[in-house]
Amino acid sequence: MKKLNVIVVLFVMSFLASCEIPTSAKFDHHLKKVENNSGNWTEEEWEMSKEKYRQLLKEYEENYDNMTPEERAEINKAIGRYNGILMKKGIERVDESIDDFIDRFPSLFEGFMSAFEEEMEKLEDKIEKLEEKYED
Numbered sequence: 000m001k002k003l004n005v006i007v008v009l010f011v012m013s014f015l016a017s018c019e020i021p022t023s024a025k026f027d028h029h030l031k032k033v034e035n036n037s038g039n040w041t042e043e044e045w046e047m048s049k050e051k052y053r054q055l056l057k058e059y060e061e062n063y064d065n066m067t068p069e070e071r072a073e074i075n076k077a078i079g080r081y082n083g084i085l086m087k088k089g090i091e092r093v094d095e096s097i098d099d100f101i102d103r104f105p106s107l108f109e110g111f112m113s114a115f116e117e118e119m120e121k122l123e124d125k126i127e128k129l130e131e132k133y134e135d
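Using numbering that gives the first Met the number 0, you'd call the opening residue of the sequence shown number 0 and step up by one each time.
Think of the hints as simulated: they come from the structure by calculation, not from any bench. Misleading hints may appear alongside valid ones.
[Unchecked claim] Okay, derived cross-link-like pairs now, PhoX-like style, lysine-lysine, Cα gap no bigger than 25 Å in a straight line: (1) K31 with K87; (2) K32 with K57; (3) K51 with K76; (4) K25 with K51; (5) K57 with K88; (6) K88 with K25; (7) K88 with K31; (8) K88 with K51; (9) K76 with K87; (10) K76 with K57; (11) K57 with K87; (12) K76 with K49; (13) K32 with K49; (14) K51 with K31; (15) K51 with K87.
Model the full assembly from the supplied sequences, consistent with the hints where possible.
The structure is reproduced here in structure tokens:
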């Protein structure tokens, strides 16, 4: 009876191992999740997504030699798409930063110039003295 149990357990384990989800399907699933949900993700959610992506890349590298050229191509497309999404997100952040900078620029410039007020007053005094000296 024990022998039969061991054989059944081994059979079930080998069956489960053969049912492992292909790496390409995991990439596809992660990519769809990112595309459908990332629009309002927090930084923490983005970091979790990047960590999952790094795990998938590691799995890809470990299984690369066992994949067909078609599987590799499919994964490479997903990698390119994911990096494109990250780039797009980065561009959106830069755009938001530029808008924020433009909104803040007048007060930033005023603050910057106020750092030179004392020097500007001294310079204006020197210019006035020069003008007086040469007017005579």
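Against the structure, the hints:
no.: 1; hint: K31 with K87; verdict: 16 Å, holds
no.: 2; hint: K32 with K57; verdict: 19 Å, holds
no.: 3; hint: K51 with K76; verdict: 17 Å, holds
no.: 4; hint: K25 with K51; verdict: 10 Å, holds
no.: 5; hint: K57 with K88; verdict: 23 Å, holds
no.: 6; hint: K88 with K25; verdict: 22 Å, holds
no.: 7; hint: K88 with K31; verdict: 16 Å, holds
no.: 8; hint: K88 with K51; verdict: 17 Å, holds
no.: 9; hint: K76 with K87; verdict: 16 Å, holds
no.: 10; hint: K76 with K57; verdict: 16 Å, holds
no.: 11; hint: K57 with K87; verdict: 24 Å, holds
no.: 12; hint: K76 with K49; verdict: 17 Å, holds
no.: 13; hint: K32 with K49; verdict: 12 Å, holds
no.: 14; hint: K51 with K31; verdict: 13 Å, holds
no.: 15; hint: K51 with K87; verdict: 19 Å, holds
Consistency with the previously given hints is maintained throughout, with no hint failing.
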